[in-house]
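Colleague: One-letter residues, chain by chain:
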Amino acid sequence: MSDVLVSVKNLSIHFGGLKAVDNVSFDIHKGEILGLLGPNGAGKTTCFNMISGVYKPSSGQVFLDGVCTNGLPPHKMAAMGVGRTFQVVKPFAGLSVEENVIVALGMPHYGKFASSWRFWNAKPSRDAAMELLKMVGLEKEAQSRAGLLPLGNLRKLEIARAMALKPRLLLLDECFSGLRHEEIQVIEDLIYKIRDTGVSILFIEHNMKVAMSLAEHIVVLDHGRMLAVGIPAEIQKNPAVIEAYLGKGGDSDAA
Amino acid sequence: MSLLVEQLLNGLAAGAMYALITLGLALIYGVMKILHVAHASVYTAGAYMGLCLYTHTGSMLIAAAGSMVFCAILGVLIEKYIYFPLLKFPPYVPLISSIALMIAIEELCRLVAGPEVRTFPANLPFPSFSICGVTVSPTLTAVYVVSAVVLLLLWLLMTKTELGLAMRAVSQDMETASALGVDTQKTVAITFIIGSAIAAIAGILVGIYYNQVYPMMGEVPAYKTLALIVVGGMGSAPGAVLASLLLGLAETFLIGYANIPMPRDALAFIAMIIILMWLPTGLMGKRQK
Amino acid sequence: MFDSYVINVATQIIIQAIAAYGLNIIVGNAGQISLGHAAFVAIGAYSNAMLTTVAGLTFWQALPISLVIVGIVGLLCGLPSLRVHADFLAITTIGINFIVVAVFQYTPFFGGSMGLGGIPSVHMFGHPLRAQGFFLLCVVIMAIVMAICWLFTRSWSGLSCFAIREEETAASSMGVSPVRAKLTAFVLGTMIAGLSGALYAHYMKFISADAFSFPFSVTLLSIIVAGGLGTFWGPLLGAVILGVMPEVFRPLVDYRMFLYAAILLLMIRFMPGGILGGSTMLSIKNLAKRGKTAKGGC
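Protein chains in written order, with this note's numbering: chain A, 1 to 255; chain B, 1001 to 1289; chain C, 2001 to 2298.
No lab work stands behind these hints, which were simulated from the structure alone. Note that the Cβ used here is the ideal one computed from N, Cα and C, for glycine as well. A few of these clues could be false.
[To be verified] Computed spacing ranges between beta-carbons, pair by pair:
no., chain 1, residue 1, chain 2, residue 2, range
1, C, 2120, B, 1148, 58 to 68 Å
2, B, 1080, A, 16, 32 to 42 Å
3, C, 2210, B, 1159, 36 to 46 Å
4, B, 1112, A, 118, 57 to 67 Å
5, C, 2064, A, 76, 27 to 37 Å
6, B, 1159, C, 2154, 50 to 60 Å
7, C, 2144, A, 73, 28 to 38 Å
8, C, 2247, A, 150, 46 to 56 Å
9, C, 2064, A, 118, 18 to 28 Å
Given the sequences, and given the hints that come with them, work out the whole structure.
Modeller: Written out as structure tokens, the structure is:
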């Protein structure tokens, strides 16, 4: 069978008169790490939102393992194996770190009337949550209130939550933003570990250094359109890409 | 025919008076995103203060000015000591405090002035005239003229002055406005001053027009005006005015003409729900994306 | 044994507490706004009243039917909450309260402004319950309601409501259907309110629509906020405090309402988290929320 997990074909969306994404196409292979780059406002998060079900495309299609997922709402996309993190972290602030992960672990139960009345505080759930927290290095914070965590830990929590869905595809939206150098290293290693378990990863990132080191392939967007596709080495030398970043006075590396 | 004209004139007057009360509410919601239900009790307090001053001085000018100052101070105190500290909590917290405050102020009016319905006989220096065989009393003329003047002044303020620009900026996005150098604290305080002063005028007008001032007079507009700001488009002052005029006309016609026995409050809300289904952001609301 | 005045006050407190538990699920657990909860108490009250007077059913036969009716209406009223945002929703729920009360007040079928009387006593084991017996029945029912609430907060369904309350966008990306969670909370919460209404009808033996008007909704909301929103004991605690206060001030007759309002105002102003310091009061999104226009999407 094909080793393409996600196929985005001629994806477009417009809001009112503004075409935020215009005819974007790319494939994500199984176990691949693909970077989605571009200056501010290029439409990257909008693409994420179309893949994860937050927006419905105006035209074009998103295929997940051959199945068209256009218009499916986010909770159904989660059930289909798409997990995501958010550019601005969205923890369940009033719940504990452990509870945050357990929410995602409950995904198989929410749709069904009978099982939705089962208790969530049972040992299997808590054990599974601790496993995930250990994976991201948050096991000591398990009982802390999520709203009180510093940013670095919140980004780890977002990843743990998304992984609790046992996803086939993980969408990471600027998960390195605001982090210190040591923290960036830790998350990078975490991502490799996740990829090694067979999960495909699509990430958005502004930090060029991290993006180039992490990605196997890169898609560059500008003003909603595709600008370039290729391996990091090619993209770095691509004149159109360089112009898109520098020409806007935009930062080519930053956080 | 003359009945129709009479209903029309009454309806417009009712609408104008609703508009004066709702305006303050809309402006305040616009800058602070708080449902200032207690505004209706500021209106009541304004009516009482106006009555008291007029009875003691015989001058409508002093009564109006004094009442406006009184309500303006009341409004600012409310904003500073009740709403501002509660901004960081979920919206039902300031809402409950507003309702509790309304009851407290109404009860104070009752305790100080007595529960009986007082009259507000006043000689307003306005002419009386005749349209289509219907006599327009001085009071009615006063309602039209005063409302028109207030609306005009407010329009000039909002569109031509820096303060008005600041108010509009804060109501769009407080954080950005602040980043651009607008003193949001001061702008909000001034909005309360203006809104409360207009409520005082409304209180006096209503008191004279219906010749009734009583502690619970705020209950009539209190919740209706909430529906009106929704219909108008949350925070849109012109929308609130339009919605108020429409409601004034609708109430007068439906109850005067068609004799439909629905309580007036319910009518406002039913109209609100119908309009919301058709225009989810209200008559003149901003479409949020 | 107990003074009948005390039993009276206590019964009313328990009945209000039951309604408050229902509201706590909607507002405290699921974070949805509901300022018209009294409407559902009214529907439960009128439903049971009509079924036991006009249709001649007993309290126990009428109750399940009333609960289903309230649940259905609750479901229908919950639907607007899906499409409409925060402040709009607040006013819409107030509107529902006004409209429901107006319907009961102006429809002759429901007794109109004269109200509905002659509601029979509740019978258990063949005997009509008197004041003390009825009070105990209310306490037992409240205990059952509290157990249901407790079970709900421990269930996946309840957890999904917490997630929606905290961060709806993130919750939906974790597999929680916001529609399902909100409607579940609404139906459960309003059915409990209807239960309270049915008890109220059989307690008062006479009901009229203005007992269920907007001020009652405000009282219920004040109860759960004062007690501690989203907590387990909050609704009961709040009902006791706000139920005892007016009685304590009763001798002060004229100043009663003023003192009640003033104390409520001070409580909310200085203890917005309620006595038990309810959940999520200072969650991140609330800190950032004020003054911003609603920014959709993520």
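Colleague: Please list, smallest to largest, the hint numbers that this structure does not respect.
Modeller: none
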